Structure formats: structure tokens, C-alpha cells
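Residue numbers (my numbering), protein chains in the order written: chain F, 1 to 117; chain A, 1 to 111.
Each hint should be verified, as a subset may be incorrect.
[Said to hold, decoys possible] Derived DEER-like restraints, expressed as beta-carbon distance ranges: (1) A:D54 / F:T80: 27 to 33 Å; (2) F:S83 / A:D54: 28 to 34 Å; (3) F:E59 / A:H71: 24 to 30 Å; (4) A:N66 / F:K66: 36 to 42 Å; (5) F:D27 / A:H71: 31 to 37 Å; (6) A:M55 / F:T17: 46 to 52 Å; (7) F:G61 / A:L45: 23 to 29 Å; (8) F:T17 / A:D69: 24 to 30 Å; (9) F:D65 / A:T30: 45 to 51 Å; (10) A:K68 / F:L68: 40 to 46 Å.
[As the list claims (entries may be wrong)] Listed next, the in silico DSS-like pairs over lysine-lysine satisfying Cα-Cα at most 30 Å (straight line): (11) A:K56 / F:K20; (12) F:K64 / F:K20; (13) A:K68 / F:K55; (14) A:K68 / A:K36; (15) A:K56 / A:K67; (16) A:K110 / A:K56; (17) F:K55 / F:K20; (18) F:K41 / F:K14; (19) A:K110 / F:K41; (20) F:K66 / F:K14; (21) F:K41 / F:K20; (22) A:K67 / A:K36; (23) F:K41 / A:K56; (24) F:K55 / A:K67; (25) A:K67 / F:K20; (26) A:K70 / A:K36; (27) F:K41 / F:K66; (28) F:K14 / F:K55.
Calculated directly from the structure, the hints in this document are not laboratory data. Note that this is a predicted model, so its numbers are computed, not measured. Every residue gets a Cβ at the ideal spot worked out from N, C-alpha and C, and that includes glycine.
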Amino acid sequence: GAVVSQHPSRVICKSGTSVKIECRSLDFQATTMFWYRQFPKQSLMLMATSNEGSKATYEQGVEKDKFLINHASLTLSTLTVTSAHPEDSSFYICSAREWDRANTEAFFGQGTRLTVV
Amino acid sequence: GEDVEQSLFLSVREGDSSVINCTYTDSSSTYLYWYKQEPGAGLQLLTYIFSNMDMKQDQRLTVLLNKKDKHLSLRIADTQTGDSAIYFCAETLGKGGKLIFGQGTELSVKP
């Protein structure tokens, strides 16, 4: 199946700094990528939908100035957690859908474990 | 509204069948999915079913969909210890394609 690569898999940063997470579709073009956040023992919460060449659509309650999303090409979306705080520590997962195949499977990255100290 | 619900835990013995249940509320769902998540890892797609189907079988996995009751189940035959993981059902809505996930069912397989 199609591969989505997420980098880094783990990151530890200091409070107040910013962290960038990359999500790449390796063998297909993805016009739409999704960013999720997962707390321990909990489900995935959709944060935002990233569309290539346009602004991301954020879910209610997600601060767009804190979680900056850029989808500059058909194979790359980035999530930047700005001025990180310990409460931002979480598991972040991206997923991507192929161009023009909106109703089939979404491929997931392996996730990024963010720890803010 | 968008709501997907699952029971939180299931424990079975190795070799038995496991049945994980899921209910959803949005009748406009087009595809319904089952994902597996092992500790510290991302999500692995196990199978999916289109909303106009009522059953899909793929090796040890059988998905049953009751669209009238908005009920989805995943049956794993001959469950192995390697099947221990969290299983998420999810529905996709509309053209945007975002996935709405259930809370996940933690499957524990005992030898």
C-alpha cells in the first residue's frame, strides 16, 4: 500500500520553543492531509485538514496560531507547534489521501511523540 | 452529528474468535474502516467496507455492517497473541474525506 512518512518519530523540546513535524506521501500525491492528536489511552482527535495550496481548515477548539500547518506541495505537509508548553505533549499523527481518491483509504504516518519539558 | 462509539476492552483466549463492535450515528457515511494500533505506533489499516455492502471477508477478518442499526463489527478468527492491540473503527464523511474515530477497543489475547 501507499506509504506516508512522518518525521521525527520522537522529539523532546523545551517550553517556549517551536517544533516542526513533517508528513510526506512517498509514492503518491496527496491533495489533502489530516493532522490528528492522540492522548494516552484515547482516540484520535482531528486537529485540522490540510489542503495543498490553500489554508488549512481547523477543527473547533484548535488554535490555528499555535498549530501552524503548511501544505506547500502534493507530497509534504508540516505541522509546527509554536511556543510549546508541557500540555502540548502528545502523540501527533498525520494521514494522507491520494489525489482524486477522496473516498478510499487514508494512509497514516507512524506518528510523532512530542514531549515538552 | 458525528459520533462513533466502541466498547473499551475485550479479552479473549488464543485461538478463539474476537468480535469488536462499533456504532456510528451519521447515516451519510460512505466508507467505514477498521484500524489497528500497536503501542507507540501509528495506525495500520486492516480493512474497510463501503456503506452499500453488508459483509466483507479478508482472510481471518470479517466485517459486518448493519446500516439500518448503524452497527459495524470486526470478527477476527483464530485470534493470536500478535493481534493484541487497540482497534479503532472510523467513518468517513462526505467529499472532504475526514475520518471520525471511535474511542478504540483494547484487545487482549491470553495464551
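- Task: Provide an ascending list of the numbers of those earlier hints which the structure does not satisfy.
- Result: 1, 2, 8, 9, 11, 13, 24, 25
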